[in-house]
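S.K.: As given, the protein sequences belong to chains E and L, one line each in that order.
Note that the first sequence covers residues 1 to 348 in our numbering.
Note that the second sequence covers residues 1 to 348 in our numbering.
Be aware that a few hints might be false.
Just so you know, same-sequence chains aren't split out, so a pair can sit in one copy or run between any two.
[Said to hold, decoys possible] Here are the simulated SDA-like cross-link-like pairs (lysine to any residue), alpha carbons at most 25 Å apart as the crow flies:
| # | residue 1 | residue 2 |
| --- | --- | --- |
| 1 | 144 | 47 |
| 2 | 15 | 262 |
| 3 | 15 | 145 |
| 4 | 329 | 300 |
| 5 | 38 | 140 |
| 6 | 185 | 224 |
| 7 | 233 | 191 |
| 8 | 43 | 136 |
| 9 | 264 | 291 |
| 10 | 319 | 308 |
| 11 | 144 | 28 |
| 12 | 233 | 265 |
No wet-lab data here; the hints were simulated from the structure.
Treat the numbers as computed from the prediction; the structure is a model and nothing was measured.
Number of protein chains: 2
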Amino acid sequence: MNKRKKATIHDIASKLGITASTVSRALNNHPRISDATKKLVNKTAKDINYQPNNIAAALRNGRSRLIGIIVPTANRNFFSSVVRGIEEIANQLNYKVIISQSYENFEQEVQIVDTLLSARVDGIIMSIGKNTEDFEHLERIVEKSIPLVLFDRITDDVEVNQVVIDDYMGAYKTVEHLIESGYKKIAHFTNPRKINIYSERLRGYTDALRDNGIPFDKNLVIESNMQLEDGQKSVLKMLDKHLDFDAIFSSSDYAAMGALQMLKEKNINVPEEVGLAGFGNEPFTSFTTPSLTTVDQVSIPMGNVAAELFFELLKADPKKYVPQKTVLKPELIIRESSMRKVNQPVDK
Amino acid sequence: MNKRKKATIHDIASKLGITASTVSRALNNHPRISDATKKLVNKTAKDINYQPNNIAAALRNGRSRLIGIIVPTANRNFFSSVVRGIEEIANQLNYKVIISQSYENFEQEVQIVDTLLSARVDGIIMSIGKNTEDFEHLERIVEKSIPLVLFDRITDDVEVNQVVIDDYMGAYKTVEHLIESGYKKIAHFTNPRKINIYSERLRGYTDALRDNGIPFDKNLVIESNMQLEDGQKSVLKMLDKHLDFDAIFSSSDYAAMGALQMLKEKNINVPEEVGLAGFGNEPFTSFTTPSLTTVDQVSIPMGNVAAELFFELLKADPKKYVPQKTVLKPELIIRESSMRKVNQPVDK
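Please model the entire structure based on the sequences and the hints provided.
M.R.: Structure, rendered in structure tokens:
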């Protein structure tokens, strides 16, 4: 299967009776080579199924025109939109992207860094897995002077370009909106792993409560992995414990969705009895009944910025380059699930 | 940025005062090399940040242990689950996958084939874009004896391993279920591009009608790109034309979702007045009110089979290998949106 008899530029050269160097220059559109020769060379290359050895070219000029992207999972609207934002910029510069998924698994994350490097990417743009606490695999990339940009889930332990949204502000605004809608006992769903996004959202939640004179109750902070089922279970837990709550601000749309399902099952009316807000603006949040209030993470612009920082880094002298952190403003999307008071604008 | 001073096996060799060939054999776990030496070599390799040149190794033994996957978009539960199914098998064999997205764009699809080949994947597993009608880029892969497996969206124009579900049967069973639930005027949402999946589902729809003595009405076959908005527009179109329908079988969950939204907006009750069924079992179909009847495409097993066929092909002699087509059975998931008759089992 793997005995690939590859056509080479020498095959083209001997077929046309010209030198390999002429073939090479013709393929690379060298100004000294006539258009007629270029045409002939390109036609012959196609005829004999010649595939330019991009690897060799990459090793020669140091560029493969390939960006490796690592995401926990590509099947989240947020991550796939960031990828799209990266591709928008990359395609303009004739770069392609390849994606690998870490599935929040540390070992897998370390391995796919090597996978992408061995695929000769020019650099990596990534979001860190929830369980990653050791960053040696990132340091290895930086030590090799290979461009690395982190987005959304970042670490301050490695000095690299970073793009995040202001998670603190997104959470603060959401909780403030719930308070303005008349909710007073607001629970918060968060992840026990306090990576930047969750710790910042928790901080926004507590500060918004404090600034509005609402006492913080640690019993109302519910930790879980925040998948759909976790949202269901968290509501059950709060009901079983007879906790007094009239709203939930979930750090994840999935857990908010699960909460909605369980509240409905228990005949608790949303938004009249319990208000609900998620985080992420996953498409399904506009499909539910009631539709879910959530925070949009400006994912396409985040991808654009990540790509721009990547190319800036690619051009820069690594010794002089000072890594940057870009913070984008998230957008609160108010929908039915938090509209206890009437006369509020609805964005479906 | 790209002046990477890479550590080589020669650096390890000179550091330990042994030959490069011993280092190489130690790194490759050769039986002739003592465990003590292997340990020492591996430690030194780590210390000096040596990264094995997988490319060189790949070119030498013809394997990069990397599978390239091309999907229209990774942000569909179906495609991401197939990828996961592929990874389940690949990881067992110490293979990694990299993903590229075609976005249903033919030019992009052709380019990323080259991208993946230049990243030295051992082969490609892919699902074809809706707009792909020329398959030269696939033929090029086959001609090079590089393993290629197609799944879901396939073509019979290229002789390669294929995995599909029985789309005909999935559609037939769904329409039969709608008829059994008392619906008689069943519309069908389909795509004008008659790639295999859509033509097979249309055939299942028409045959199920015929076999149940219901006349086929071509006005009830509505063509669109079948995104969410298309589903909304298709319902509007049917209402504007005063078409007489009491159910919709949509070839896409997204268009079914859009149809549900528009029917609700027009105060048409689902399932009492209009029954609704989608195709794909996207997660949101269980979140809606009412929940959506749909067809599960057994995506994880499809990925498993695609990977198994890939590895079979990788081991085989390409000259003797006869490509196979595997057809998996889809599963009808009956939910609230098609339950006009009571006493039917509900699977939420």
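S.K.: Each hint: holds or not?
M.R.: Hint-by-hint comparison with the structure:
In this assembly of identical chains, the alpha carbons of residue 144 and residue 47 lie at most 25 Å apart only when taken from different copies (13 Å versus 40 Å within one copy). When the C-alpha separation of residue 15 and residue 262 is checked against a cutoff of 25 Å, the pair qualifies neither within a copy, at 72 Å, nor between copies, at 63 Å. In this assembly of identical chains, the alpha carbons of residue 15 and residue 145 lie at most 25 Å apart only when taken from different copies (23 Å versus 42 Å within one copy). When the C-alpha separation of residue 329 and residue 300 is checked against a cutoff of 25 Å, the pair qualifies only within one copy, where the shortest distance is 13 Å, while the shortest distance between copies is 37 Å.
Taking CA atoms no more than 25 Å apart as the test, residue 38 paired with residue 140 passes between copies only; the shortest distance there is 22 Å, against 42 Å inside one copy. Proximity of residue 185 to residue 224 under the C-alpha cut-off of 25 Å is restricted to the intra-copy arrangement: shortest distance 20 Å within a copy versus 47 Å between copies. For a Cα distance limit of 25 Å, the shortest separation of residue 233 from residue 191 inside one copy, 14 Å, qualifies, whereas the shortest one across copies, 40 Å, does not. For the identical chains of this complex, residue 43 and residue 136 are inter-copy neighbours only, at 16 Å across copies versus 48 Å inside a copy, given an alpha-carbon limit of 25 Å.
Taking CA atoms no more than 25 Å apart as the test, residue 264 paired with residue 291 passes in both settings, with 13 Å inside one copy and 13 Å between copies. In this homomeric assembly, residue 319 and residue 308 come within 25 Å of each other (Cα to Cα) only inside a single copy, at 19 Å, whereas the closest approach across copies is 47 Å. Within a single copy, residue 144 and residue 28 get their C-alpha atoms only as close as 28 Å, which misses the 25 Å cut-off; across copies the closest is 23 Å, which meets it. Within a single copy, residue 233 and residue 265 get their C-alpha atoms as close as 12 Å, which meets the 25 Å cut-off; across copies the closest is 32 Å, which misses it.
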